[in-house]
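Protein chains in written order, with numbering that gives the first Met the number 0: chain A, 0 to 124; chain V, 0 to 206.
Everything labelled a hint here was simulated from the structure, so no lab data went into it.
We treat Cβ as the ideally placed atom computed from N, Cα and C, and that holds for glycine.
Not close to chain A: a few residues of chain V, all C-beta gaps over 10 Å, as computed: (1) Gln12; (2) Arg13; (3) Gly112; (4) Leu146; (5) Ala164; (6) Thr165; (7) Pro200.
Here are some, though not all, of the chain V residues that point toward chain A, as calculated from beta-carbon distances under 7 Å: (8) Arg70; (9) Arg91; (10) Asp98; (11) Ser172.
Here is how the chains run, residue by residue.
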Amino acid sequence: MTPDPYIFIIIFIGVALAFPLIPLALAWLWRRVFQPPKPGAGKNATYECGVESIGEAQIQFRSQYYLYAIIFLIFDVEAIFLVPFAVAFTGLPVGAFIAILVFLLHLIEGLVWAWGKGCLSWAAH
Amino acid sequence: MSEIDEGLRAELQRQGVWVTSMQELYNWGRKNSIWPLQFGLACCAIEMIATAASRYDIARFGGEVFRPSPRQADLMIVAGTVTKKMAPQIVRLYNQMPDPKYVISMGACAISGGPFKQGYNVLKGIDRYIPVDVYIPGCPPRPEALLHAFMELQRKIDSQKLTGATKAEHLNSAQPSEFPVPAFGEHDLEPPANPDVFQPPKIERRR
Chain A
0 MTPDPYIFII IFIGVALAFP LIPLALAWLW RRVFQPPKPG AGKNATYECG
50 VESIGEAQIQ FRSQYYLYAI IFLIFDVEAI FLVPFAVAFT GLPVGAFIAI
100 LVFLLHLIEG LVWAWGKGCL SWAAH
Chain V
0 MSEIDEGLRA ELQRQGVWVT SMQELYNWGR KNSIWPLQFG LACCAIEMIA
50 TAASRYDIAR FGGEVFRPSP RQADLMIVAG TVTKKMAPQI VRLYNQMPDP
100 KYVISMGACA ISGGPFKQGY NVLKGIDRYI PVDVYIPGCP PRPEALLHAF
150 MELQRKIDSQ KLTGATKAEH LNSAQPSEFP VPAFGEHDLE PPANPDVFQP
200 PKIERRR
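Using the sequences and the accompanying hints, generate a full structural model.
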């Protein structure tokens with residue numbers, strides 16, 4: 000006679016439960032019988048690098064970081080386009096040259112705009 | 000936990016039966032997987048790195064898992080000059096390590112201040128604040144010396160008792176697991192040494 004096919008799932012669940020629970024129970028038993036827990040201020044501290052933490056963790060960052068990140072990203076992308084442009088510079092047709100100049104002018108215009116808005120001065124806001 | 004008779008054990012081993020005790024199993028497991036704290040202070044740290052690298056290979060002794068967090072470390076290798084600026088951080092790191100924890104004081108500086116002993120800014124031995132298990136002389140000690148210290152520590156772990164009056168310190172609830180962190184005083188660290196840990200040797204001078 001063949002066993003009920005669901006019996007294997009029940010065995011599997013039993014093993015899956017016993018596998019983590021037995022080590023946890025053994026660790027609990029070990030602590031009770033042999034090793035007394037010794038908590039302390041240093042052991043329970045959240046920060047663990049030997050330096051005492053200063054102030055709170057829930058601080059706000061200035062929103063200006065966002066603008067700097069955006070402006071950095073613009074010139075980061077620009078560098079990626081400029082390198083192949085510089086490599087292929089002598090073999091480029093006039094149209095491609097004008098296209099990359101327009102691209103650069105757009106970026107410079109963006110920088111001038113950010114400058115005019117006062118995004119580059121840190122203390123103004 | 001009683002000791003097994005060595006003759007009986009040898010006889011059983013001949014018959015293919017391997018007998019052990021809880022204490023031996025516990026110590027065997029601990030001594031072969033000592034995880035050091037990834038933490039170097041000065042030139043001794045370079046020798047410690049060499050010990051962990053392929054030529055000397057501390058992995059042969061189960062100590063290659065250098066942990067960047069004190070929460071996961073068993074062993075602190077104080078490798079190098081301990082300045083007074085650094086000493087509180089070292090004591091705090093030691094405090095944050097879980098029990099059982101061990102300390103190897105590596106090199107002349109960590110033992111006594113070494114060539115900087117007469118200086119104003121170097122701690123004259125890390126054993127003023129935390130208990131040290133193995134001292135390695137040398138400036139800096141060779142990787143073989145660190146391996147030897149590691150084996151000495153393994154020997155110490157192997158001899159630690161699980162129960163009884165002479166049981167290991169981390170199993171004794173009366174023994175502290177954390178030690179006071181020194182603070183910066185006007186001229187020196189306050190206190191200059193922890194009297195519970197450090198007893199300076201009595202100097203007897205002949206009259």
